[in-house]
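A.B. asks: Counting along the sequence shown from 1, when you hit position 202 you're at 214 in the numbering used here, and nothing is skipped either side.
Do not rely on the hints blindly, as some may be mistaken.
With a Cα cut of at most 27 angstroms, we get these calculated DSSO-like pairs of lysine-lysine [to be verified]:
(1) K341 with K367
(2) K105 with K252
(3) K371 with K321
(4) K252 with K294
(5) K296 with K371
(6) K367 with K296
(7) K296 with K245
(8) K252 with K296
(9) K352 with K341
(10) K371 with K294
(11) K129 with K352
(12) K294 with K245
(13) K367 with K294
(14) K341 with K321
(15) K352 with K367
(16) K321 with K294
(17) K246 with K294
(18) K321 with K367
(19) K245 with K321
(20) K296 with K246
(21) K246 with K321
(22) K341 with K371
Between beta-carbon pairs, the in silico distance windows are [stated by the list, open to error]:
(23) T136 with A329: 32 to 38 angstroms
(24) I119 with K294: 39 to 45 angstroms
(25) K296 with P146: 22 to 28 angstroms
Hints listed in this document are in silico derivations from the structure and should not be mistaken for laboratory results. C-beta atoms are modelled at their ideal positions from N, C-alpha and C, and glycine is treated no differently.
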Amino acid sequence: MRTLLVCLILVAICIASYVYNLPILLLISVLVITAWLGVRVKLLEGPMLAVGAGVFALLAVESALSLKSAFSTPSSYSVHDGERASPQNFFAKNTLFGYLARPGTHIIEKHSVVGEKIYSARYTIGQDGFRVTPNAASQPRETYFLGGSFTFGEGVNDDETLPTYWQALNPRYAAENFGMPGWGIHQAVRLLETARFQDAGIYIVQTLPWHAERSACRPLWSLGNPRYVWDGKKISLRGKCGLSEFFNESAIYQIFKRVMFNPDAAFSLYIKLLERLDDLVKNKSGQLIVAFVRSPESSFSGTSWSNDKVVDELGQAGLNVVDVTLATKREELAPDYFIKGDGHPTALAHAERAKLLTKALQIKGDSEVSLNVH
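Make a model of the complete structure from these sequences and hints.
C.D. replies: Here's what the structure looks like:
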C-alpha cells in the first residue's frame with residue numbers, strides 16, 4: 013500500500029511538472045522514480061549511488077531556483093490579442109536573426125499586477141516580420157531604421173514610432189522600420205550582411221549601452237541569435253548564441269553566464285560591431301547615423317565604461333553619433349518622455365528624437381544629404 017502511494021505521488025508530480033512547464037522538476041521526478049526502483053532491485057550501490065546522489069543534488073538546486081523564478085511576482089505583465097503574452101504568441105523563430113514578429117495586426121496591452129493599464133498599442137507586422145510604417149509609399153530614397161524595442165516602438169501605435177515621425181518630417185524619404193524588441197547591434201549587422209537594402213540610403217541605428225550584453229549573448233532570449241566575436245583583427249560570425257533550449261532554460265546555467273560575463277569585453281565587442289555596421293553601410297554607398305540614448309550611469313557599475321566613453325570611442329572610430337537622450341543624463345529625462353511603469357519611449361519622445369535626427373541630417377534634395385553631426 014505504501015509503495016503504491018509513493019508511486020502515485022511521484023506520478024502526480026510528473027504530471028504537474030509537465031502541465032506547468034517545469035522541465036527540471038519533471039526530470040527530477042523521473043530521476044527519483046528511477047532511483048527508487050533502482051534501490052528496490054539493488055541496482056544503485058557503491059560508485060553508482062555516489063554519482064546518482066551528486067546528479068540529484070545538482071538537479072535539486074536547479075529545481076529550487078526554477079521554482080523560485082516560476083512563483084515570483086512580476087511587476088507587470090502583457091496581454092497579447094486578449095491573452096497573456098509570451099514569446100511564442102508574438103514572435104516566431106528565424107534561422108538568421110533568432111526570431112522575428114509574426115505577420116498580422118496585434119493588439120498589445122500591458123498591465124501592472126494590480127490591474128492598472130500601462131499601455132495599449134496596435135502593432136501591424138508585414139509579411140517580412142517587421143513593423144509597418146503607415147503611408148510608406150515608394151519614394152526617391154529610403155531611410156532604414158535599425159535597433160531594438162526603442163526603434164520598433166514598443167508600447168505605442170504604428171503612427172507613433174520614430175520612423176513614422178521621421179517620415180512625416182521628411183516626406184521625400186520612405187522610412188522602413190527594421191527594429192525588433194530584444195534585438196541588438198549583432199542582429200543589425202546580420203541584417204546588413206544578408207538583406208537586400210537599396211544602395212545609398214540613410215541608415216539610422218538607435219542604440220543604448222545595454223545592447224552590449226545582448227551582442228555578448230547574455231540575455232535569456234538570445235538563444236539562436238547570431239554570435240559574433242572579435243579576434244583582435246576583425247569581427248567574425250561564429251555560429252549562434254546559446255547551447256540549447258534545455259541549457260538556456262537552466263537557472264544554474266544562467267548563473268554561470270552571469271559569473272563568466274565580462275562587461276568590458278562586451279562593450280569592446282559592441283563598439284566593433286557598430287564599426288562593422290558602418291563599414292557595411294559605406295559599402296552600399298549609404299550613410300549611417302548612430303542615434304545614441306544614454307543609460308543610467310549606475311548601469312556601468314563594475315566596468316571601465318561610461319556613456320561618454322562609448323560616444324568618444326564611436327567618434328574616434330569615425331562614426332556619426334547623434335545624442336537623442338533628450339536630457340544631459342538618463343536620470344534627468346522628463347517623465348513625459350517614457351511610459352510610466354514600463355520605461356519605453358512615449359510617442360512624444362519618438363517625435364522629439366525624429367526632430368533631432370532631421371536637424372542632424374540637413375536634407376537638401378532628393379539625392380543630396382549634408383551631415384551636420386558632431
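A.B. asks: Against the structure shown, which of the earlier numbered hints fail to hold, in ascending order?
C.D. replies: Result: no hint breaks.
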